[in-house]
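Student: Protein chains in written order, with my numbering: chain U, 36 to 240; chain R, 36 to 240.
Check each hint, because a few of them may be wrong.
You can't tell identical chains apart in this list, so a pair holds if it fits in one copy or across any two.
To be verified - Only pairs whose alpha carbons sit at most 25 Å apart, straight line, appear in this in silico DSS-like list of lysine-lysine:
hint : residue 1 : residue 2
1    : Lys86     : Lys236
2    : Lys95     : Lys58
3    : Lys92     : Lys58
4    : Lys59     : Lys236
5    : Lys195    : Lys73
6    : Lys73     : Lys105
7    : Lys92     : Lys236
8    : Lys70     : Lys138
9    : Lys195    : Lys105
10   : Lys86     : Lys70
11   : Lys95     : Lys105
12   : Lys70     : Lys105
13   : Lys95     : Lys236
14   : Lys236    : Lys105
Source of the hints: derived by calculation from the structure; they are not laboratory data.
So you can see what is in the structure, the chains are spelled out below.
Number of protein chains: 2
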Amino acid sequence: MSYSSQLLEEAVDAFSRLPGIGKKSALRMAMHLIKSNKSEIKSFFIQPIEKLVSDIKFCKECNYLSDQEKCNICLTRERSAETLCIVENIRDVMAIEETGQFKGLYHVLGGVISPLDGVTADQLNISNLTERILDSNINEVILAISPTIEGETTIYYLSKMLEPLQITLSQLARGISFGGELAYADEMTLGRSILTRTQYKINQL
Amino acid sequence: MSYSSQLLEEAVDAFSRLPGIGKKSALRMAMHLIKSNKSEIKSFFIQPIEKLVSDIKFCKECNYLSDQEKCNICLTRERSAETLCIVENIRDVMAIEETGQFKGLYHVLGGVISPLDGVTADQLNISNLTERILDSNINEVILAISPTIEGETTIYYLSKMLEPLQITLSQLARGISFGGELAYADEMTLGRSILTRTQYKINQL
Chain U
36 MSYSSQLLEE AVDAFSRLPG IGKKSALRMA MHLIKSNKSE IKSFFIQPIE
86 KLVSDIKFCK ECNYLSDQEK CNICLTRERS AETLCIVENI RDVMAIEETG
136 QFKGLYHVLG GVISPLDGVT ADQLNISNLT ERILDSNINE VILAISPTIE
186 GETTIYYLSK MLEPLQITLS QLARGISFGG ELAYADEMTL GRSILTRTQY
236 KINQL
Chain R
36 MSYSSQLLEE AVDAFSRLPG IGKKSALRMA MHLIKSNKSE IKSFFIQPIE
86 KLVSDIKFCK ECNYLSDQEK CNICLTRERS AETLCIVENI RDVMAIEETG
136 QFKGLYHVLG GVISPLDGVT ADQLNISNLT ERILDSNINE VILAISPTIE
186 GETTIYYLSK MLEPLQITLS QLARGISFGG ELAYADEMTL GRSILTRTQY
236 KINQL
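In isolation and in its complexed conformation, chain U is listed as follows (with noise of 0.2 Å):
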């Protein structure tokens, strides 16, 4: 498309830099901009996303963001030390903390073990892990890693290097996921969720 306006095509070029932005939505984005007050563009659109992209820190702790050295959740003593949850990466904290059910400290490892990928054990956030598990009261890992071919790698490897601590080591549990038809599910998940069914209470969620 011609825009007849350099200024226009680049800014297009900037907005479909984003994940998922086409030059069309990048077109309709631009020319919000353009419709929009332009002090008011400065304060809540590229003000924050310049402080974000120079400011944002990885708590040294877990490797979460962070506004400072150490992340909320790392600092708050409202959470329980005993237990680790330990996640491939930033956006796996999100959607945990968003169920509400889990009041314990997180470990990001920033990837998952992939060699096709040429992704090895020593690139991931893991050299800090066994001494930060010595170092406190961690009684129990959560391996709370996709269970795809190289997250199994992942845990498998994980269970290893952390089998000498003797400390509890859990996976998410699998199954049938709720509001899921059966007839849907694949044969994998079907078949390990009858082999490893539990027993059904009254009255349980």
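Since the structure of chain U is already known, use the hints to place chain R on it.
Tutor: Positioned in the frame of chain U, the structure of chain R alone reads:
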């Protein structure tokens, strides 16, 4: 959603101000920037947007977007200065330019008359229109405005305004879209396309 970071929260708010972007997409965008190279974000994302917002102008002749006082379309000598195409907004100019079928000049109204939305004729960019036509070689004005109720009102208003100038007034052809199926065309369009049928010529596009 709780982000545990004020910086992230503000950036997500910033992105969700863009049209068509919800909180989830905004979060994806913010996370994308966090993972990217800082100096690249500055030069390839923030700067082009800042420059667009601060430097973009509207052509003083036709009201189209421009980097200078006058837009490329008004400045070039390769276009016909005899036909003027009046459109509602900047996006319409882009759409018509994409077709490659029009080589005249444009005039962007910046809206259509819409009493329900409180838009009256004097809020449109028409104050210099009569003068512009009189001062030029324009002998045909194409009223390329969407055939909505507001668009038709605007077409009627402009036709009354331009009638005394004794130039050719035309509007876009109405009919069935290319690739459109008759069974799905609305009654109004289909009915009118029968009444205003054109002679079939072999080899015509």
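Student: When no copy is specified for lysine 70 and lysine 138, does a C-alpha distance of 25 Å or less occur within a copy, between copies, both, or neither?
Tutor: Cα proximity of lysine 70 and lysine 138: none, with 45 Å in one copy and 27 Å across.
Student: Is it within a copy, between copies, both, or neither that the alpha carbon of lysine 59 lies no farther than 25 Å from that of lysine 236?
Tutor: Neither way: lysine 59 and lysine 236 sit 53 Å apart in one copy and 36 Å across, limit 25 Å.
Student: Using 25 Å as the alpha carbon limit, work out where lysine 95 and lysine 236 are close: within a copy, between copies, both or neither.
Tutor: neither (43 Å within a copy, 75 Å between copies)
Student: Is it within, between, both or neither when you check lysine 92 against lysine 236 at 25 Å Cα-Cα?
Tutor: Close neither inside one copy (45 Å) nor across copies (69 Å); limit 25 Å.
Student: Tell me, please, which holds for lysine 195 and lysine 73 at an alpha-carbon limit of 25 Å: within, between, both or neither?
Tutor: Answer is neither: 56 Å inside a copy and 37 Å across each miss the 25 Å cutoff.
Student: Within, between, both or neither: how does the pair lysine 92, lysine 58 come out at a Cα-Cα threshold of 25 Å?
Tutor: Answer is between: at 21 Å across copies they meet the 25 Å cutoff, but 31 Å inside does not.
Student: What label fits lysine 236 with lysine 105 when the C-alpha limit is 25 Å: within, between, both, or neither?
Tutor: Neither way: lysine 236 and lysine 105 sit 42 Å apart in one copy and 76 Å across, limit 25 Å.
Student: From the Cα coordinates, with 25 Å as the cut-off, is the pair lysine 86 and lysine 236 best called within, between, both, or neither?
Tutor: For lysine 86 and lysine 236, the Cα distance exceeds 25 Å both inside one copy (51 Å) and across copies (63 Å).
Student: Please work out whether the CA atoms of lysine 95 and lysine 58 approach to 25 Å or closer within one copy, between two copies, in both situations, or in neither?
Tutor: This pair counts as neither: shortest intra-copy Cα distance 38 Å, inter-copy 27 Å.
Student: Between copies, within a copy, both or neither: which fits lysine 86 and lysine 70 at Cα up to 25 Å?
Tutor: Cα proximity of lysine 86 and lysine 70: in one copy and across copies (24 Å, 14 Å).
Student: Up to 25 Å between alpha-carbons, please classify lysine 70 paired with lysine 105: within, between, both or neither.
Tutor: Answer is between: at 19 Å across copies they meet the 25 Å cutoff, but 40 Å inside does not.
Student: For the identical chains here, do lysine 95 and lysine 105 meet the 25 Å Cα criterion within one copy, between copies, both, or neither?
Tutor: within (6 Å within a copy, 54 Å between copies)
Violated hints, in rising order: 1, 2, 4, 5, 7, 8, 9, 13 and 14; the structure is consistent with all others.
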